[in-house]
Amino acid sequence: MAQTTTLKKEAAGVRVHKLSIILSKGTLDMAYPAFMLASAAAAMGTEVHVFFTFWGLSVINKKKESKLKVAPVGNPALSVPNILGVIPGMTAMTTSMMRGKIKGMKLRAIPELIHDAHEMGVHIHACSTTMDMMGVRQEDLIPEVDDIVGAATFLQLSEDGQTIFV
Amino acid sequence: MAQTTTLKKEAAGVRVHKLSIILSKGTLDMAYPAFMLASAAAAMGTEVHVFFTFWGLSVINKKKESKLKVAPVGNPALSVPNILGVIPGMTAMTTSMMRGKIKGMKLRAIPELIHDAHEMGVHIHACSTTMDMMGVRQEDLIPEVDDIVGAATFLQLSEDGQTIFV
Amino acid sequence: MAQTTTLKKEAAGVRVHKLSIILSKGTLDMAYPAFMLASAAAAMGTEVHVFFTFWGLSVINKKKESKLKVAPVGNPALSVPNILGVIPGMTAMTTSMMRGKIKGMKLRAIPELIHDAHEMGVHIHACSTTMDMMGVRQEDLIPEVDDIVGAATFLQLSEDGQTIFV
Numbered sequence: 001m002a003q004t005t006t007l008k009k010e011a012a013g014v015r016v017h018k019l020s021i022i023l024s025k026g027t028l029d030m031a032y033p034a035f036m037l038a039s040a041a042a043a044m045g046t047e048v049h050v051f052f053t054f055w056g057l058s059v060i061n062k063k064k065e066s067k068l069k070v071a072p073v074g075n076p077a078l079s080v081p082n083i084l085g086v087i088p089g090m091t092a093m094t095t096s097m098m099r100g101k102i103k104g105m106k107l108r109a110i111p112e113l114i115h116d117a118h119e120m121g122v123h124i125h126a127c128s129t130t131m132d133m134m135g136v137r138q139e140d141l142i143p144e145v146d147d148i149v150g151a152a153t154f155l156q157l158s159e160d161g162q163t164i165f166v
Numbered sequence: 001m002a003q004t005t006t007l008k009k010e011a012a013g014v015r016v017h018k019l020s021i022i023l024s025k026g027t028l029d030m031a032y033p034a035f036m037l038a039s040a041a042a043a044m045g046t047e048v049h050v051f052f053t054f055w056g057l058s059v060i061n062k063k064k065e066s067k068l069k070v071a072p073v074g075n076p077a078l079s080v081p082n083i084l085g086v087i088p089g090m091t092a093m094t095t096s097m098m099r100g101k102i103k104g105m106k107l108r109a110i111p112e113l114i115h116d117a118h119e120m121g122v123h124i125h126a127c128s129t130t131m132d133m134m135g136v137r138q139e140d141l142i143p144e145v146d147d148i149v150g151a152a153t154f155l156q157l158s159e160d161g162q163t164i165f166v
Numbered sequence: 001m002a003q004t005t006t007l008k009k010e011a012a013g014v015r016v017h018k019l020s021i022i023l024s025k026g027t028l029d030m031a032y033p034a035f036m037l038a039s040a041a042a043a044m045g046t047e048v049h050v051f052f053t054f055w056g057l058s059v060i061n062k063k064k065e066s067k068l069k070v071a072p073v074g075n076p077a078l079s080v081p082n083i084l085g086v087i088p089g090m091t092a093m094t095t096s097m098m099r100g101k102i103k104g105m106k107l108r109a110i111p112e113l114i115h116d117a118h119e120m121g122v123h124i125h126a127c128s129t130t131m132d133m134m135g136v137r138q139e140d141l142i143p144e145v146d147d148i149v150g151a152a153t154f155l156q157l158s159e160d161g162q163t164i165f166v
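Residue numbers (this note's numbering), protein chains in the order written: chain X, 1 to 166; chain B, 1 to 166; chain Y, 1 to 166.
Next comes chain X alone, as it looks inside the complex (with noise of 0.2 Å):
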């Protein structure tokens, strides 16, 4: 009986109790839902890695995590046409409405998510290889990264849990 119930639980235990994200992308929208995800999962005591990768490197630069935006051109669900678009000036006003929309909810502004997020256990980690082919160093990254590394180390840290691309 004792035994059964052992097995039992290694088997329930298959539950997600990890959730790895891979983001990809640098935009405001992006980044939202991936730290929205990582926080609430954390929230439930769920294992968090978030791997940033190509343009998601952006979100942890320094320079560059509070200057994210939003993409009004290449974005129909947007409503803005094309046109208005390329103008110069649109992705600032697009971004900022949607900063706007943020504030007046009083959602927390990405870095303070990434802040609280990694207090919280949620574990960052950025992309070895394409750190080099951006061009992003070390010294460029926000203090909240855990660690640099590269796709097998990845692969094995989201070993048995879900894992969602960004």
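None of these hints come from the bench; they were simulated from the model.
Small disclaimer: the values here were computed from a predicted structure and weren't measured.
Any given hint might turn out to be false.
Repeated chains share a single entry, so a pair holds when one copy, or any two copies, can fit it.
With a Cα cut of at most 20 Å, we get these calculated EDC-like pairs of lysine to aspartate or glutamate [what the hints assert, rightly or not]:
(1) 18 x 160
(2) 62 x 140
(3) 64 x 146
(4) 63 x 112
(5) 18 x 159
(6) 18 x 146
Fit chains B and Y to the supplied structure of chain X, relying on the hints for placement.
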């Protein structure tokens, strides 16, 4: 022996019996793969959850769901030069080309796909946090929406299954 | 005792031994992360499936795979003002900048990455439904493509593993 069989079944029960899709994009070309997967999985007897967040809310917005577009700019795979992509009407033209193909293939339109998927048991969830951010109200949503939930509830619903982020 | 060990192994066997990647984008900057993950996973002995759908079909199209681009518009992380992004030649310039970096790093080009990944055992699947929609024929595909399958077959292949959508 009987005990072993039971335990084996439990271990085997961890197979993908559940698929959760987070739809964060509001374009025709991303709504399609999401619902093609959702419908195929439901037809196989899989429990399916679709969680609409950020731009994805447009897909379940009564006024917007039949007007989803394909972006001709920022999408080099489409072979439309960017300079043409910003000419007013090009989003409409690209979208209409894609709709034409879809119609020619007798594929269902998005509102029909969602309706049929829902009839097949696919659960439709709207993200409460981003509804506030985007100014979407409950009465704006199509009747197929089962509930309005936060990220934590979605994470619980998607436990033990596969989750993909579109 | 022996029985317990066997059952433990079965439970442990639910670890990520399989990675499935749905590649729906046709840009250089999304094909890279997909194949970097696929190659890293294959090198670790993981069973890997890549399913090319929608714009992702360009990546396995003989005429297009060596001409994949990076979009300078609609991608604020790239720091190219939108008004510059639509000037003819800017997609080419951004793409060539990225190719230059990739070459400088001695990273493999996409056709080589796919070829090597395939040699390592990565399974290459083309999506039948979207091939029809996009007007792609079997003879347009690179020889590394193992088969042309629908969403249902892909879902079966990806069962019991992790699936990510790029």
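Comparing the hints with the structure gives:
no.: 1; hint: 18 x 160; in the structure: both (7 Å within a copy, 11 Å between copies)
no.: 2; hint: 62 x 140; in the structure: within (6 Å within a copy, 39 Å between copies)
no.: 3; hint: 64 x 146; in the structure: within (18 Å within a copy, 39 Å between copies)
no.: 4; hint: 63 x 112; in the structure: within (15 Å within a copy, 35 Å between copies)
no.: 5; hint: 18 x 159; in the structure: both (9 Å within a copy, 10 Å between copies)
no.: 6; hint: 18 x 146; in the structure: within (17 Å within a copy, 27 Å between copies)
In the structure shown, no violation is registered for any of the earlier numbered hints.
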